[in-house]
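Going line by line, the protein sequences match chains S and L. All residue numbers for the first sequence refer to our numbering, where the first residue is 1 and numbers rise by one. All residue numbers for the second sequence refer to our numbering, where the first residue is 1 and numbers rise by one.
Hints listed in this document are in silico derivations from the structure and should not be mistaken for laboratory results. Note that the structure is predicted; figures quoted are calculated from it, not measured. Where is the CB? At the ideal position from N, CA and C, for every residue including glycine. Hints may be right or wrong, so weigh each one.
What the hints assert, rightly or not - Capping the alpha-carbon separation at 20 Å, the derived lysine to aspartate or glutamate pairs in EDC-like fashion look like this:
no. : chain 1 : residue 1 : chain 2 : residue 2
1   : S       : Lys164    : L       : Asp304
2   : L       : Lys250    : S       : Glu500
3   : L       : Lys250    : S       : Asp386
4   : L       : Lys312    : S       : Asp427
5   : L       : Lys259    : S       : Asp504
6   : L       : Lys314    : S       : Asp427
7   : L       : Lys167    : S       : Asp427
Unchecked claim - To spell it out: a stretch of chain S is covered by chain L in this simulated footprint if at least three of its residues, at any positions, have a beta carbon under 8 Å from a beta carbon of chain L; those stretches are:
no. : region
8   : 322-329
9   : 426-438
10  : 497-506
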Amino acid sequence: MLRKLRIIISIPIFALLVLYFVDFSGFLPHSFRYLAKIQLIPALLALNFVILGGLTLLTLIFGRVYCSAICPMGFYQDIVNRLSGVFRKKKRFKYSRPLTVLRWSLVAVTVLAFLTGFHALVGLLDPYSAFGRMTVHVFKPAYLEGNNLLAAIFTHFGNQTFYKLSIYIASVSTFVIALITLLAIGWMAAVNGRIYCNSICPVGTILGFISRFSLLKIRIDEQLCNSCGTCGRKCKASCIDTKAHSIDYSRCINCFDCLEVCTKNAISFKYGVKKTSVNGTSEPGSQIDASKRRFLMAAGVVSLAASTSFADSKLLKGNRITAKRKTPVSPPGSLSASHLLEKCTSCHLCVSKCPSNVIQPAFTEYGLSGIMQPVLGFEHGFCNYDCTICSDVCPSGALLPLTVAQKHQNQMGQVKFIIENCIVFTDGTSCGACSEHCPTQAVSMVAYKGDLTIPQTDVNICVGCGGCEYVCPATPNKAIYVEGIGKHNKIEIKTEKKEEVKVDDFGF
Amino acid sequence: MDRRSFLRALAITGAAMTIKESGAMTLMSQRIGGASAARNSGAYDLVAVMGGNPAEMFRKGIAEMGGMERFVKKGFKVVVKPNIGWDKRPELASNTNPDLVAEIVSQCYKAGAKEVIVFDHTCDDWRKCYDNSGIESAAKAAGAKVIPAHESSYYREISLPKGVSLKSAKVHEAILDSDVWINVPVLKNHGGAKMSISMKNHMGIVWDRGFFHSHDLQQCIADICTLEKAAVLNVVDAYRLMKTNGPRGKSESDVVLSKGLFISQDIVAVDTAATTFFNQVREMPLESVGHLAKAQAHRLGTMDIDKLKVKKIKL
Numbered sequence: 001m002l003r004k005l006r007i008i009i010s011i012p013i014f015a016l017l018v019l020y021f022v023d024f025s026g027f028l029p030h031s032f033r034y035l036a037k038i039q040l041i042p043a044l045l046a047l048n049f050v051i052l053g054g055l056t057l058l059t060l061i062f063g064r065v066y067c068s069a070i071c072p073m074g075f076y077q078d079i080v081n082r083l084s085g086v087f088r089k090k091k092r093f094k095y096s097r098p099l100t101v102l103r104w105s106l107v108a109v110t111v112l113a114f115l116t117g118f119h120a121l122v123g124l125l126d127p128y129s130a131f132g133r134m135t136v137h138v139f140k141p142a143y144l145e146g147n148n149l150l151a152a153i154f155t156h157f158g159n160q161t162f163y164k165l166s167i168y169i170a171s172v173s174t175f176v177i178a179l180i181t182l183l184a185i186g187w188m189a190a191v192n193g194r195i196y197c198n199s200i201c202p203v204g205t206i207l208g209f210i211s212r213f214s215l216l217k218i219r220i221d222e223q224l225c226n227s228c229g230t231c232g233r234k235c236k237a238s239c240i241d242t243k244a245h246s247i248d249y250s251r252c253i254n255c256f257d258c259l260e261v262c263t264k265n266a267i268s269f270k271y272g273v274k275k276t277s278v279n280g281t282s283e284p285g286s287q288i289d290a291s292k293r294r295f296l297m298a299a300g301v302v303s304l305a306a307s308t309s310f311a312d313s314k315l316l317k318g319n320r321i322t323a324k325r326k327t328p329v330s331p332p333g334s335l336s337a338s339h340l341l342e343k344c345t346s347c348h349l350c351v352s353k354c355p356s357n358v359i360q361p362a363f364t365e366y367g368l369s370g371i372m373q374p375v376l377g378f379e380h381g382f383c384n385y386d387c388t389i390c391s392d393v394c395p396s397g398a399l400l401p402l403t404v405a406q407k408h409q410n411q412m413g414q415v416k417f418i419i420e421n422c423i424v425f426t427d428g429t430s431c432g433a434c435s436e437h438c439p440t441q442a443v444s445m446v447a448y449k450g451d452l453t454i455p456q457t458d459v460n461i462c463v464g465c466g467g468c469e470y471v472c473p474a475t476p477n478k479a480i481y482v483e484g485i486g487k488h489n490k491i492e493i494k495t496e497k498k499e500e501v502k503v504d505d506f507g508f
Numbered sequence: 001m002d003r004r005s006f007l008r009a010l011a012i013t014g015a016a017m018t019i020k021e022s023g024a025m026t027l028m029s030q031r032i033g034g035a036s037a038a039r040n041s042g043a044y045d046l047v048a049v050m051g052g053n054p055a056e057m058f059r060k061g062i063a064e065m066g067g068m069e070r071f072v073k074k075g076f077k078v079v080v081k082p083n084i085g086w087d088k089r090p091e092l093a094s095n096t097n098p099d100l101v102a103e104i105v106s107q108c109y110k111a112g113a114k115e116v117i118v119f120d121h122t123c124d125d126w127r128k129c130y131d132n133s134g135i136e137s138a139a140k141a142a143g144a145k146v147i148p149a150h151e152s153s154y155y156r157e158i159s160l161p162k163g164v165s166l167k168s169a170k171v172h173e174a175i176l177d178s179d180v181w182i183n184v185p186v187l188k189n190h191g192g193a194k195m196s197i198s199m200k201n202h203m204g205i206v207w208d209r210g211f212f213h214s215h216d217l218q219q220c221i222a223d224i225c226t227l228e229k230a231a232v233l234n235v236v237d238a239y240r241l242m243k244t245n246g247p248r249g250k251s252e253s254d255v256v257l258s259k260g261l262f263i264s265q266d267i268v269a270v271d272t273a274a275t276t277f278f279n280q281v282r283e284m285p286l287e288s289v290g291h292l293a294k295a296q297a298h299r300l301g302t303m304d305i306d307k308l309k310v311k312k313i314k315l
């Protein structure tokens, strides 16, 4: 009964969150962003005390139900576990001792890293964000492929319900990290159930600690129990010591699988005063899992190697002036790069939701600690002047909500014009593509030689949308680009008076 | 059907769909209906209307042109190509007036068109442009099929033997597969090309606009208009014109409610007339709009509108 309830609650949360992440056409309304906002680490960084209080209360009453019903990574592991059961019919778990030292060391290292300014680790280990990256960089491309196949079939028969989308890897390093996360956690889940949640995940460790004090707990009635051991074999958290009739509540995720298999009704979820001994505090140092260390090290080495080769390929040989950003452009609502780095967990919901594909995972633009954090790149598009989706969906407060009017005044970068690269200068022909795309006319066309016009820039009214950079046809180096500014500015928009012009005649 | 055969069937279906019509097939299906045909008939070469709402002005204008039946025959597949380039409201005049588009679509159906398609290769996010311009809903309400143009796979390469800078271009397949298409630009100032009217509106039927900008914009605009499948009709929406900061515009202060409309089969003449009309609001010598003379040199039409049979209507 409780198990079914858990499944009934968790399926829609998981399915809708994934769908919201991959949905490009906007058929799920943006109110579904709250599925991201109720996640623990984002709420913690956003200092959303309502959510934090709610989750703490939930855990204090029911135990770690967050891990079984709300966390998408938890549900992902359940899926993998279920699938692996198809191939191994007699799947059994058995009680194992907790890896307490590893768990708490990881919490300590994460907190320490965060406090000393290396924020990437929080994002790397936060289960929601890690799952977000898996979704955006692995599942979404597959979803788009499916859409394109449908589009091809439907369009062929004259139906325009579906339209094609271009699919590309936004960032190689992030794709590699997402894929490693997917495979590594998937493998751990297939072999050992919720070992990730109970040995690595800092959220699991902290909620596990709180759930020791929860009101309702799974309890074994020693009078009724015939020590058959079935519950222990069914426990994917490996936390039931059937011989000692004890349960390690720091690891129990309240999946309730054990309740259903007990034929003696000896195990139940209830309020009780009897304190079950917390078992198996291990001697320090002996329980560190080398495989996880190897995984983290491998992830680091692979991403570094991938990035070095990537960086080399970017070196362009051209005889003109390079237009390379020195300071990254952080997304709208991020206030400043430092605010972003402090709050962002790299869940990539903004990356996925950006309709113009402007938000991309950073490599080292923000420095090493900003790896995977959202940065603007204008290769595939430019930031829509009237769009505020990214700052609306951000669950962690890294991007603070902007109204459309605020967005119009938010300067996230400043235009830089290199006349020596400009088509009008080099070829002596008309262009004006940059000014054409400029929403504020921070780039305007002014008289040049003969009937030609050439761009003129005014950084005071530039919002840094990158329209000019995206569309500039100059190669190999752009003639116009957006330079980042550490801290976003508020620009003044002059309201122009509309002069009454009357046209009475054709003029010819 | 097992999984394997299902997947195989799916893959074969997908592969089959990649087969495309060849250029030779397109040539066979083309019809002749260029400017020369118009000059021989009794109707006007150019009709200019002022003072009404867009739909009303078009109804008067097309009647003077000899009615839509002259251009759209029974069973035709028609494309109506407005300017939907920007994520802007109709009042800001960045895009063609939606009422005008709807009126043209319904007139096509009245003339017996089998299907009317509307699209544009937009500059801003196409879904936002289609939506906020009001054109998608207006065109759909009139019965048109509104299709996307944001992916290169919707375009087919054609050669432009008469082109000077632009020798070939990828053009949207809807244009190439149509029986006739109607070009419906909005009258705007343009920072680079000086004016954006009928000829400049061709940049919304091609895939690679960047090439135009980097290879002599004015010449490329004239070159693309030499395409075999020329628009059967050019309808310039000057109900609202954009006098400054074009072609995107900043605010309503860029817009003039000029209540004009120009129709012609001669693309050079209609753009010349519209530029002359625009010149009353802001100085714009015809010589400065380089693509006009270049198109005349291509023999696409004439800038000498005084020599044409022009009908002016004031409502």
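May I ask which of the numbered hints given earlier this structure violates, with the numbers listed in increasing order? 1, 4, 6 and 8
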